[in-house]
Amino acid sequence: MADWVEACAVDDVEEEDVIRFDHGGRTFAIYRSPDDEFFATDGYCTHEKAHLADGLVMDDIIECPKHNGRFNYKTGAAKGAPVCVNLVTYPVKIEAGKVMIQI
Amino acid sequence: MTTAAKTKRDYSLVGESTRAAIETGLASAEWYHTDVPRKAMKELMQRSDGPAIRDTIIWIAAILGSAAGIVWFWGSWWVVPFLFVYGVLYGSSSDSRWHECGHGTAFRTRWMNDVVYHIASFMLMRNPVQWRWSHARHHTDTIIVGRDAEIAVMRPPDLLKAALAFTGILDFRYSLPTLVRQAFGTLSEEEKSYIPEMEQHKAVVAARWHMAVYVATIAFAIALESWQPLVLVGLPRLYGTWHMVMTGLLQHIGLADNVVDHRLNTRTVYMNPISRFIYWNMNYHVEHHIFPMVPYHALPKLHELIKHDLPEPNPSMWHAYREVWPVLLRQLKYEDFYLKRELPPTARPYRGEFHEVDMSAAE
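From first to last, the protein sequence lines stand for chains A and B.
Going by the UniProt record's numbering, the first sequence wraps up at 103, each residue one higher than the last.
Going by the UniProt record's numbering, the second sequence wraps up at 363, each residue one higher than the last.
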């Protein structure tokens, strides 16, 4: 059974933005969508090792800062070259003002 | 001191330098980034359709206008200025459109980037699939010998080849046979080294579309018994490419290879407004390489924000070429020689183990 882990406070992530969260030697990306929902994916682009948290959130898309590869951060789906491999996504819930992810 | 810098450079993407780059950690390395507050970077990264739509309308109108001039004045000397303008718009400014739309940064809307990317790729005789991947590699491993598929001038430099590049002949001689080969379904081992297997069939299909247009253009020229269709489609890749080469060569020429700091292997040059329009602000090339997600229209702002951390830009293209020329001459004898960029005193040094090359033999 996967554990729920506290990733950050709700206010740590601006609307339509992303932050990095490191836990247990792994790196995740925590997103807040323009309609104020939270999502989580693996923190690195599947194309090259670049932190998605340095990238740009546009609607439901995260764009990698290195090669501008795009993913739908809600589903993890790769949105075309140069990324071909989907991101792993993680369940998210909000508890007492904290963003919790299940990893 | 780097091993790769001391040995003879092997520019193939599947050879000895490739192995050395992977073994030493030069390949897919972490590159230096100037610290920029997240809020400021987010603002700079913001996408907008407005500037690129405006610039694209101007670009297409100028292309159509000069093409109309060619058709109208065909057969008289008055055609020359129209050929000059059309050639540069077709054979040079297509490069920066290809580049920016390939990054997906020119327009906010994805399909707009894709449409301009494919049109510009065709104008450049570049397979849009192959070159998307080669450019991704260029950003991962900028001027890393054995890894970067887009090194324009290798060491020791072939000066005749560099001069001929301005005529477009060499590129034409490479690009057209490459498209023909790919259209027949064959990708080279080097192309396969950077195009993922799942994308390789798309490269073949794209090459077939390009060839179909060229075959149709040739057929039209034969039917008309005129060179005019070929002068408008295909041949501008020859006679109009000089501006692309003039600006593009300066991006990295003469600077360090096998380093992981774009301040040392990439050049920013101040240019006149016309060249900047043709080049879509890619004269801010250090800035583009450090932060490739910043759209072309925001590069001047990015430059202002981080210039304190970068080498002094060259004040003009003329200045940059005057700086490069003696370096190329010395590289003829000592290929390890390069132009060492002076960082500002406050700049952070980065990964010294990759940047210290013994140039004493060249002194």
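Some clues are possibly wrong.
[What the hints assert, rightly or not] Covered by chain B, per the in silico footprint, the following chain A stretches (three or more residues, Cβ under 8 angstroms): (1) 24-36; (2) 67-78.
[Said to hold, decoys possible] Calculated lysine-lysine pairs in the BS3-like style (CA-CA distance at most 27 angstroms, straight line): (3) B/K301 / B/K340; (4) A/K74 / B/K340; (5) A/K49 / B/K42.
Because the hints were derived from the structure by calculation, they are not lab data.
Glycine included, every Cβ here is placed at the ideal spot set by N, Cα and C.
For each hint, the structure was consulted:
Against chain B, the stretch 24-36 of chain A contributes 0 residues with a C-beta closer than 8 angstroms to a partner C-beta. That does not satisfy the three-residue criterion, and the hint is violated. Only when three residues or more bring their CB closer than 8 angstroms to a CB of chain B does the claim for the stretch 67-78 of chain A stand; here the count is 3, and the claim holds. For the hint linking B/K301 to B/K340, the alpha-carbon distance of about 26 angstroms falls within 27 angstroms, and the restraint holds. Distance restraint check for A/K74 and B/K340: the Cα-Cα separation of roughly 46 angstroms exceeds the 27 angstroms cut-off, and the hinted pair is therefore not satisfied.
Our distance criterion of 27 angstroms between C-alpha atoms is met by A/K49 and B/K42, whose separation comes to about 20 angstroms.
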